[in-house]
Amino acid sequence: IGYSGCDDFDIIPIILNTKSDRKIIWLEYSPGLDVVVNGREIVKSTDKFGRVGFIFSELIRRGQREIENCYIVKTDANIFLKSIINVFNNSYEDPEIAQFEYQINSDTYFLNKFKKIFPNLNHILKMKAILYFIIEDYTNSLKNYSKILSNIEKEKNLKFKSSVFHEVAYCYINLAIPDYDNAIKYSMKSFEIDVENKFVSILLSADQFASLLFKVGKIKDSLDVYKSIISSKLDLNSYFLKYQFATLLNNYAIHLNQLGKMDDSIKTAEKSAELFKNIGDLNGLVNSTLTITTPLMELGYIDKAMVKLRDLEKIIKDLGSLFSLCVLYNELGITYRLKKEFDES
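Each residue of the sequence shown is one higher than the one before, counting from 202 in the working numbering.
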């Protein structure tokens, strides 16, 4: 699943692989709807930044792990589609469902489908690039993004430019042989646009840019980016922003631990865990808790790590996620081994 957003609505393409063919489903979301997941309102109609595409991509990404806690029911493709489509005002299955390869390789198909919706050719080309992006064909995704980049300077929509640069950087990172030079080049462009215009997508671009800088050994520059965002006192007024800030904090904590700054890492990860807990994101809470317990164990505070893990166990059991329990028990096994309680391990 992937999505491309405009100011007024989102279009979300979902690719389904069935036994006989591939289907593309185009979901259209217009403002004025509330999306409720598990009885908890996640996206308000007035919340510009609580992107529906983001929420559903998260639900589907976790599908095999936490499906029992999600709005979507684990079942066959048709029932799955109905469960999603019910929350959109104007969703439809593409009539050319058996012609996936034609669709994804045809500029004409995309022009005809989106010429009345998107303001210019760049936005249409982005939809095509995103389809390759979804199926993790980053080489072909970059080929389509390159058509946009060739005339990107004429693009007046700065949010669109920032998102293109961010996605291009992601493609370069995920090539079979990563191209970090180009990834940093475009990630920096996205970050600079977001900083200059105070776009809320700065949480995404900053996290990507800082992680890339760290990966290539520019440690000080990486930490400076993280610090500038954390100290900027952003107004975290939506689920989306809280989730992204918690994710950024957790990644920062991981890097601090890699640098041996374990106390700072633990404090930062604890802030991340608290934020994930407050928004009810179990997957994030598990990840940030493990970011806390890793340095605790390295410092020899095995019992403290054990308390953190047992507290997490109670939360997971309340929510009933089997996958999260598997992750937790694996970590507890490691912890008991460090305590030399091998039977328990």
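Don't take every hint at face value.
[Claimed, not checked] Pair ranges (Cβ atoms, derived):
no. : residue 1 : residue 2 : range
1   : N358      : L526      : 21 to 27 angstroms
2   : K428      : G481      : 24 to 30 angstroms
3   : N313      : D512      : 36 to 42 angstroms
4   : N313      : N531      : 31 to 37 angstroms
[Stated by the list, open to error] Here are the simulated DSBU-like cross-link-like pairs (lysine-lysine), alpha carbons at most 30 angstroms apart as the crow flies:
no. : residue 1 : residue 2
5   : K434      : K419
6   : K515      : K478
7   : K443      : K472
8   : K344      : K390
9   : K386      : K348
10  : K344      : K362
11  : K348      : K428
12  : K362      : K399
13  : K344      : K316
14  : K416      : K518
15  : K360      : K386
For the record, the hints were derived by calculation from the structure and aren't laboratory data.
Heads up, the beta-carbon is just placed ideally off N, CA and C, and yes, glycines get one too.
Status of each hint after checking the structure:
no.	hint	verdict
1	N358 - L526: 21 to 27 angstroms	violated (45 angstroms)
2	K428 - G481: 24 to 30 angstroms	holds (28 angstroms)
3	N313 - D512: 36 to 42 angstroms	violated (55 angstroms)
4	N313 - N531: 31 to 37 angstroms	violated (50 angstroms)
5	K434 - K419	holds (25 angstroms)
6	K515 - K478	holds (13 angstroms)
7	K443 - K472	holds (11 angstroms)
8	K344 - K390	holds (19 angstroms)
9	K386 - K348	holds (17 angstroms)
10	K344 - K362	holds (17 angstroms)
11	K348 - K428	violated (35 angstroms)
12	K362 - K399	holds (14 angstroms)
13	K344 - K316	holds (21 angstroms)
14	K416 - K518	violated (36 angstroms)
15	K360 - K386	holds (17 angstroms)
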